Amino acid sequence: MNIRQAQLPKGWEIKKLGEVYDVRDGTHDSPIYVKEGYALITSKNLKNNRLNYDNVNYITEQDYNNINKRSKVDIGDVLFAMIGTIGNPIVIIKEPDFAIKNVALFKIPKNQDSYFLKYYLDSGKVIDKMSKDAKGATQKFVGLGYLREFPIPIPPLPEQQRIVAILDEAFAVIERSRNNAEQNLKNAKELFESYLQGVFDPSTRSGQGKKGDGWEEKTIKEVCELKPQKKEARDKLRDTDLVTFLPMEDLGVLTKEIVGIKEKQLKDVAGSYTYFADNDVLLAKITPCFENGKIGIARNLINGIGFGSSEYVVFRTLGQIEPEYLYFFLSRNRIREEGRKYMSGAVGHKRISKDWIENYIIQFPKSLKEQQSIVSKLDALRAETQKLEAVYQKKIKDLEELKKSILQKAFEGEI
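Per my numbering, the sequence shown runs over residues 1 to 415.
Careful, some of the hints might be misleading.
[Stated by the list, open to error] Derived lysine-lysine pairs resembling DSS-like cross-links, with alpha carbons at most 30 Å apart:
#, residue 1, residue 2
1, K397, K409
2, K44, K69
3, K377, K218
4, K394, K186
5, K186, K16
6, K186, K221
7, K221, K236
I should point out that these hints are in silico values taken from the structure, not numbers from a laboratory.
Being a predicted model, the structure only gives us computed values, none of them experimental.
Model the full structure from these sequences, guided by the hints.
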């Protein structure tokens with residue numbers, strides 16, 4: 001990283017990290033893990049400015065003592081993830097009862113401020129530079145020698161403490177604003193979901209939607225054809241005709257209309273892929289795609305036909321319900337919550353039960369016109385809530401950019 005002495009205020013110096021701090025790392029060995037003992041902290045346990053003990057491994061007291069002979073962590077030290085996601089520095093604020101593995105350890109001398117180093121290592125330019133220089137094919141890392149040679153602008157201790165105080169105050173304000181924006185974003189999403197659930201749940205509808213008052217109640221298989229036959233495509237098209245190809249990654253999350261951007265010849269997909277046509281509703285049935293809400297309505301397919309992942313459930317409405325009405329019905333959180341209970345298969349490959357989805361009860365107005373009215377209202381509300389979501393997402397992004405800008409100015413001596 002290019003830092004010029006001439007650009008810095010008087011009294012600042014450009015040093016190497018290894019010239020200012022005692023830079024070490026944890027063990028490179030793989031001790032035997034035990035059910036109870038001392039936590040072994042790795043890079044993955046440094047998250048959100050704190051130690052995260054989720055999925056931590058434990059080691060014996062003997063291994064704990066052996067590791068701490070060369071890399072004991074003390075109060076005031078700074079830890080830094082040097083493998084995987086580079087960065088996430090944290091300052092140790094209470095007496096440690098853990099050892100470290102593949103984590104950089106900065107021992108802070110008395111004439112330096114721990115939080116000054118922490119903020120520096122968390123700055124955008126530093127993380128960008130280290131991430132760019134990181135080695136490794138499958139798992140990126142920065143070595144101890146690299147860290148010791150990495151440059152840092154160092155002001156006198158009183159100036160470090162002044163900068164830290166300014167950053168603490170500014171970031172506290174940013175964090176409060178971010179929390180408010182994230183809560184508002186959550187509220188906007190919940191507003192639509194609440195309305196959506198109210199439309200389809202008879203217990204929450206105000207005097208409407210009960211069987212016998214113009215609404216119907218049937219199973220999914222009574223109102224839909226599931227898994228339409230590929231013979232339809234073969235009867236309509238030649239082997240060399242083009243069709244839309246939709247792999248799982250192209251099926252959006254809670255995206256009403258599917259945008260197919262790939263195409264293939266019919267002969268290349270008719271064998272092992274799932275067939276669907278315009279106006280069919282597609283739902284991912286495998287974890288985590290199902291839980292994430294991958295669903296959409298097929299529209300504007302090449303020659304009206306598409307093929308895609310074998311992990312799709314295809315719903316073709318039979319005239320009693322509109323595809324858009326079915327889409328919103330299947331988009332609810334309740335569907336995903338209930339579907340999780342009926343998943344089976346190996347870990348990482350669980351799928352929703354065919355019997356569960358076929359026999360799921362759907363309530364709908366007998367009048368297609370009323371269904372269309374409901375869909376129009378849902379479309380309008382979704383558009384409004386998406387506008388709100390975009391505003392809050394931009395606010396969160398802007399706050400992150402502001403944080404980066406403040407950090408950059410701090411280490412160029414401009415605050």
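Hints, verified against the model:
1. K397 with K409: Roughly 19 Å separates the two Cα atoms, so the pair holds.
2. K44 with K69: Distance of about 23 Å is within 30 Å: holds.
3. K377 with K218: With Cα atoms ~23 Å apart, K377 and K218 stay inside 30 Å; holds.
4. K394 with K186: holds (14 Å)
5. K186 with K16: violated (44 Å)
6. K186 with K221: Since the Cα atoms of K186 and K221 sit roughly 34 Å apart, the hinted pair is violated (cutoff 30 Å).
7. K221 with K236: The hint holds at about 25 Å.
Of the hints listed earlier, those the structure fails to meet are numbers 5 and 6, in rising order.
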